[in-house]
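**Student:** Given the coordinates of chain A, work out where chain B should sit on it, guided by the hints.
Taken in order, these protein sequences are the chains called A and B. Numbering follows numbering that gives the first Met the number 0, with no gaps: position 288 of the first sequence is 287. Numbering follows numbering that gives the first Met the number 0, with no gaps: position 89 of the second sequence is 88.
Mixed in with the good hints, there may be bad ones.
Claimed, not checked - Derived DEER-like restraints, expressed as beta-carbon distance ranges: (1) A/V253 - B/P70: 54 to 62 Å; (2) A/I204 - B/P68: 37 to 45 Å; (3) B/V139 - A/K222: 21 to 29 Å; (4) A/P217 - B/I317: 50 to 58 Å; (5) B/S8 - A/P29: 54 to 62 Å; (6) A/P217 - B/L133: 31 to 39 Å; (7) A/I40 - B/I331: 34 to 42 Å; (8) A/R156 - B/I317: 46 to 54 Å; (9) A/R327 - B/A142: 45 to 53 Å; (10) A/E147 - B/L133: 34 to 42 Å.
No lab work stands behind these hints: they were computed from the structure. Glycine is no exception: its CB is placed at the ideal position from the N, C-alpha and C atoms.
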Amino acid sequence: MIEEKIPKSQGELIETEISMGTVHPAALEPYRVRFFVQDEIIQEAEITIGVNHRGVERIMEGLPVEKANALTEKICGICSNCHTWNSVMVAEKGLNIDVPERANYIRVIMGELERLHSHLLYLAHGNEVLGHETFAMRIFYIRETVMELLNMIGGNRVQYGVSVIGGVRPRCQLDDMRVQRLNEGMDKLEKDLTKFTDRFTSDPIVNSRIEGIGILPPKQAKKLGVTGPSLRACGFDYDLRTEMKEYDDFDFNVAVLDGCDVKSNLLLRVLECFESIKIIRQAVRNLPSGPITNRNWEMYDCKAIKHYIEVPRGILYDSYAIEDGRIRSSIIRTPSMTNIGAMQYAAIGNQITDGQLCIVQCDPCFTCTDRTFEIIEL
Amino acid sequence: MADITILYSIIGAIITLIICFIIGTFLPGIERKYVQARIQQRIGPIVTAPGIMAPIKFSFKENLRPNSPAPGLYKALPIVSFLAVLLILLFLTPQMYPAYLLASIIAIVGLLKVEEVSYVLMGSLSKSVMSLSLKFPDIVKGAAHTSGIVRSHLEDISSKRSLRMITYGSFPLYLALFVPVVSAKSLYLSDIIKYQMANGPLLFTTQGILAAIVFFIGSVIVLNESPFNIIEAEADVIQGPYMEYIAGYRSVIYLSKGLLMFTLSALFTILFLGIPLDLLSWNFIVFVVVALIFTLFIGILNAFTPIFTNKQFYPVVIASTLLGVLAIVIGILI
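So that you can see chain A by itself, here it is in the shape it has in the complex (with noise of 0.2 Å):
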């Protein structure tokens, strides 16, 4: 049974204020946290983001359909593909435009290698922020093998503006030769994974890191809106991939885990990728033929449609309207909005130290996130 935390309320005696940031080489991005503090025991956490604000859904009002779904792009660095490809998904289910198989298919691969490169990305991070240098490196090198096939069929390592509406760009066609190297990349991915995975797992000091802290339970989790692997670390069975038409044609399972600490979430996106993996065997063995861009559409109007997909981190949210082929009213909400208040709770109860990986455990993507702000005069 894990026992609920309570945060200290205001005018609780503290003893100390801890602020970090919005610099930090623990944080991957810039965002400001405070740790109410006694005896180096975190009491509450409080996550200030707003500082990396980009303006990007107003930037969208007002710009061709085409150009503002490239532009959902720059979002994000590790999920880029996921916000062009719900993004596009917005414009293809207000225009009732037909996908065809292929490129579905090859959206889901797409989508699966970016999987494994952001829960690899997020293995690496979290294990510099427990301070063990040599696990980062290894997945670092381990990574490396999606990032190469990201560049085959996207062209760039970081944005490869694969999903265009109807379909893929012509360039991500998958070929033998590609098809191949896919092939082959999955078998040393799995077999790499496969050997860190027994090394992390059997680590009896990187575990005693890990066990225990960072708890968040079940019913706060709910009561958070947690969504993606960090609600799936607390227990629940649930990923929108299983609802999504994209992938009726795979077989997958939901990893669960219900320790709720940051071990849960680390082996949980490990235990994802071997999901992934078996997802992208499963696409290129049974790739159809045809074509992969459909481009009998029109354009015409359409009031506020919203789409929702499984990204990496969790739910993606999209929504807009369509006027005169340009976009009106855009909002996009990535899953680690909801996640914000599963991080500062994780936190409560544990040392400073873990304080950031308690952050970090739930998979922290604040750039994405930023989308208000308010000036203040220092």
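**Tutor:** Positioned in the frame of chain A, the structure of chain B alone reads:
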């Protein structure tokens, strides 16, 4: 005649210090390139980069005023720390053995304490922009705990941790230092060496092996090397006490680290192998080999373990302290 002997002794000690200092500057590079980088399957830095090139580079950088309530004292502390390490090394040279109390375990412990206390002061005097000094609107409407709370800098935690290190963290090292004292029944380095020349190296005795293990763990703690680098843990306090040091002061810190690595390995060689630090003897090679072995072990430990929090730190310190006590008891009984 006596004057010439003193002059030769001074020149000998200075040359020994210079040679040891040069060897010390290579040790961080060897650790990073040939141990950690090899384990991590990467090329690693140039071997001279961490210990030699980085200090040279920093010494040419522009020096800025640190955000400290006592900038003068804050800037002086790395130099104090460096001098403390240099003095330890000086007292290890045979030329200093006639200076009795200075060439004794008591003097070494005292100087190591100076080095440790300097971390406490460095931490408490540093107020870097990485936390509270950053102009960020923390206390705003809707923020948590806006009043009645002590707002602290990251370095303050580091300072408190350094203080704890003085009380219990460095305990294993000091216990290990007293095992040869118990066996030789003398505090003086010259007597400890003489005892081992007559009875063989202490390392090959039961209490010697135990003490050597404790000495190594204690050395890693005093060196603030991973996994015991809680006072400069990147996950929270970043670089801790060193955060505000730039330019020449940072280069002094880098140089101190290499020198301390060599000094502790030299101390080990004297205390557990009974070899005097004589530059003109072939025995000096043993000092270099022990320094390399020390660096190798520290690098391996660093590469294969995450940073210890208090949860892991306490059991290790307690276990090594008990091991140290056991070594002393065995030393008394035998």
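**Student:** Each hint: holds or not?
**Tutor:** Checked hints:
no.	hint	in the structure
1	A/V253 - B/P70: 54 to 62 Å	holds, 58 Å
2	A/I204 - B/P68: 37 to 45 Å	holds, 38 Å
3	B/V139 - A/K222: 21 to 29 Å	holds, 25 Å
4	A/P217 - B/I317: 50 to 58 Å	violated, 36 Å
5	B/S8 - A/P29: 54 to 62 Å	holds, 58 Å
6	A/P217 - B/L133: 31 to 39 Å	holds, 36 Å
7	A/I40 - B/I331: 34 to 42 Å	holds, 40 Å
8	A/R156 - B/I317: 46 to 54 Å	holds, 48 Å
9	A/R327 - B/A142: 45 to 53 Å	violated, 35 Å
10	A/E147 - B/L133: 34 to 42 Å	holds, 39 Å
Violated hints, in rising order: 4, 9; the structure is consistent with all others.
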